[in-house]
Amino acid sequence: MYPEKLRYSKEHEWVELEGDLATVGITDHAQEELGDIVYVELPKPGAKVEKGKTLGSVESVKAVSDIYSPVSGEVVEVNEKLADAPEKINTDPHGEAWLVKIRVAPPADLGDLLTAADYETYIAAEK
Amino acid sequence: MAVPTALKLTPLNSVHRRLGARMVDFGGWDMPVQYSGILDEHNAVRNAVGIFDVSHMGEIEISGPEALALVDFVSTNSAAKLTPGKIQYAGLLYDHGGFVDDILVHCVAEDRFFLCVNASNQEKDYEHIRDANRWRAEVDLASQRYAQIAIQGPKALATLQKLTKTNLAAIRYYNFVDGEAVGVWARIARTGYTGEDGFEIYIDPAAAESCWDAILEAGAEFGAKPCGLGARNTLRMEAAMPLYGHEIHASISPFEAGLDWIVKMEKESFLGRAPLERQRQAGVSRKLVGFEMRGRGIARDGYEVFSDGAPAGWVTSGGPSPTLCKNIGLCYLPVQKAVAGQPIQIQIRGQLVDAVTIPTPFYKRAR
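Residue numbers (my numbering), protein chains in the order written: chain A, 1 to 127; chain B, 1 to 367.
You may find that some hints are simply not true.
Claimed, not checked - Sample of chain B residues at the chain A side, in silico, Cβ under 8 angstroms:
1. Gln34
2. Gly37
3. Ile38
4. Leu39
5. Gly230
6. Thr234
7. Gly319
8. Pro320
9. Leu324
10. Lys326
To be verified - Covered stretches of chain A (in silico footprint by chain B; criterion: 3 or more residues with CB under 8 angstroms from a CB of chain B, positions within the stretch not fixed):
11. 8-16
12. 55-69
Unchecked claim - Pairwise CB distance ranges, derived in the manner of DEER restraints:
13. B:Tyr173 to A:Gly95: 43 to 51 angstroms
14. A:Pro45 to B:Arg18: 18 to 26 angstroms
15. B:Arg18 to A:Met1: 22 to 30 angstroms
16. A:Thr91 to B:Gln336: 44 to 52 angstroms
17. A:Met1 to B:Ser251: 47 to 55 angstroms
Don't read these hints as lab results, they were simulated from the structure. In this text, a Cβ means the ideal position worked out from N, Cα and C, and glycines have one as well.
Here chain B stands alone, though its shape is the one from the complex (with noise of 0.2 angstroms):
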């Protein structure tokens, strides 16, 4: 079967059809949706261990002297809090306020910065930091040198241990090493996005399909699954972990998506501050919040929710949760009705369907 020639693959392109992967056009990216099928992949992950390829995203490198200004500026964590071999999870915002991205930033060292990015907004990125700089800051889009695998699941580091010498036990979560796996140079971070203990690894993209090899028969005692973006968001999903595009977006605050975590107002400037810090004067009008279906149906992204039998919302994520056997998502509420136990309804195809709102994660796993 041909590719058209305007997809980007990654270094995994070839290995994902050898093992008869559906492929779909994702955001530009010729990706695998999923192999052996989503609930198998997505139950691999919940009980065993789960491959995705995930070199798709980008990565951006900060150096220099003052990398620190330009990373603490365009996070809107605390960089300055960041010692080498710690990540932290944080937006990247415009002066108003709404996302660019959600990015995951490691310290490499005190002058030194890597950032993952979402693949489809990695040039985006790339030139917002760069119209942002002004420090000695180098910014870098590698994204080429780079190719990525996550390994995910309560088997995930009894199967990737068999392949590096690295202590993995020792990393802990938000953490990352550089050292070595599949005899390869390796950035091995303990950080994932399924809601279940796991990896990712950075890797020479030359080296992606011997990896990619090891890790899934090193993981085969367990029932290691290679798995697919579908699995992929059924697993954040029921994580309630944000999709940029979906929870998160330009015209979305990370107070209105429940991220307040993530912003340090303490700071004394940042991109996108002065918005954040009205929005915190007065409040936010609309909030993001899980509900399960209670009638018969699936809400998908986009349907419209209704309150009181008025139009109140809209539907970010929806689907069926394959741990929980329910039908769940999330949706954008007026603020007063954004908490636990409010009756709603979702309109799936003309007619309102009843639904609650829940508290989030909807799984979360045991330790």
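Only chain A is shown next, with the shape it has when bound in the complex (with noise of 0.2 angstroms):
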């Protein structure tokens, strides 16, 4: 379920380093205690994002939630089609319906963010 080549944050974002360039979506924990996801706000390309400051917005039928920067860099990439297709963040929340891509401000270290592993215990736990 949770990739071993992502590492978790415990605001239920996940991220993958390649390089300086970390790709970043909301796990499929996240999607499925949001349930139908119907817009997402996100930031424009060329932004500095923080990390553990708000990257964007996800929206269900019910709700809004904040997602977090995982980490701290400038946006290079956004994913366009999450605009006209919210919902595929339900449908592949690790995959195809990844968030942004963002240049890594370094060291670009992961280090203090969870494993697969560590994610789904942190994830049991919580329930």
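Hey, can you piece these two chains together into the complex? The hints should help.
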């Protein structure tokens, strides 16, 4: 369920780091908790984001939830497909429905994020 | 998963858990917000049939030789016009003209009335009615004696008809029959909170689980789905039906909420009549109006509404409309702006996003 190559935040975002380029999304657990996602608000390319600060928001039928950036850096690409198909986050949260790609400010260190196994333990305890 | 003891449970609580529902604290009640998903459940009600546990709703019974006098005094509508088997939607108002609650008044017999009231208001409503009782009428908070299941959608009749000998087609909208369903006593009312045809049945809590299972099974051939409070809210919002605590509350009058039709000013006296008379003469300053988003964004309850660049009102309910595939909402605006076709802006996380007022209901079923 939770790919080993990703790292996970306690706010339920995932990150995949390749060099200094971080792809960010929300976890399967997050989409499951939110229910049917109908709207995504994301920063524009070029926007500076800060770790732990709001990156954007996702809205389900019921409610709005903030997305927190798991890394600091500059947004270089936004998944434009989600504007017209936000429901992809429900069906493929760890793949096709990535949210943004961020050029991470050095040092690119994901050391404080959770591994897949630790994240699964974390969400199991949260229930 | 342990349920905090403070939460109240309906007789169907274990059924929701068995079905894997996502449960939420809804005004002190442990209630299902969704099972398969809000959109899926919403569409089941619009296209086929959905089943809702609404046992959290309260029931108040008023009986005795002067029951009618009490009901007519606390209700804004004309209880005197009710005959056995008929139902009225009504406001229960404070002296100052604001809402205590909105209620359904069922006339069981000339000297016996059955009120369905909002779950989190039931104790308050009961005290309010008792305080107003200066007649030979008995007021009984009867919620413990009833479970309530709503069967809603174009296939509601076909579903429920399999389980009762009562001729459901003969029950007209806002009428009810005391009969049997699934082998037990049932008060079968043709009412609902979804904008679709359907029934709300009141049954013995002990029979709730077997009734629920039988109804789901009877509806299976039509694609019946158990539905939670999430879909209940999107459905009622499309139908522009008010929700207590949102469109109506203690500082809102029926005229402001556009519920003039449930206020019978020709009645000589009822609770809240004097301030309503003054409002009728002077006119109200704000009114409820529907809107749809033009810009990208979803309006939510409590967001500020702007008109001509200045704050003008607030959103009472807002969200996506699954049936209409647009983002809709209801808001209060100054009366001159509370008409269709007005450009407005909704403040969404600091940004003003364009919207326009439109007529309600947003959705009306084809008959």
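Can the hint on Pro320 of chain B be confirmed by a CB-to-CB distance to chain A that is less than 8 angstroms?
-> holds (5 angstroms)
How about Leu39 of chain B: closest beta carbon in chain A under 8 angstroms, or not?
-> OK, holds: Leu39 of chain B within 8 angstroms of chain A, min 5 angstroms.
Verdict for Met1 of chain A, Ser251 of chain B (Cβ pair) under range 47 to 55 angstroms | holds (48 angstroms)
Is it true that the C-beta distance of Thr91 of chain A to Gln336 of chain B lies inside 44 to 52 angstroms, as the hint says?
-> holds (46 angstroms)
Does Ile38 of chain B pass the interface check with chain A, least Cβ-Cβ distance below 8 angstroms?
-> holds (4 angstroms)
Does Thr234 of chain B pass the interface check with chain A, least Cβ-Cβ distance below 8 angstroms?
-> Given a least distance of 6 angstroms, the restraint on Thr234 of chain B holds.
Given Gly319 of chain B was flagged as interface, is its beta-carbon under 8 angstroms from a beta-carbon of chain A?
-> Check passed: Cβ of Gly319 of chain B comes within 6 angstroms of chain A, closer than 8 angstroms.
Gly37 of chain B as an interface hint toward chain A, with CB separation required under 8 angstroms | OK, holds: Gly37 of chain B within 8 angstroms of chain A, min 5 angstroms.
At the C-beta level, are Pro45 of chain A and Arg18 of chain B separated by a distance inside 18 to 26 angstroms?
-> Since the Cβ atoms of Pro45 of chain A and Arg18 of chain B sit about 48 angstroms apart, the hinted range of 18 to 26 angstroms is violated.
Does Gly230 of chain B pass the interface hint, meaning its C-beta sits closer than 8 angstroms to a C-beta of chain A?
-> holds (5 angstroms)
Note whether the CB distance of Tyr173 of chain B and Gly95 of chain A lies within 43 to 51 angstroms or breaks it.
-> holds (48 angstroms)
Verify the interface restraint on Lys326 of chain B: the C-beta must sit less than 8 angstroms from at least one C-beta of chain A.
-> violated (11 angstroms)
Violated hints for the displayed structure, listed by number in ascending order: 9, 10, 11, 14.
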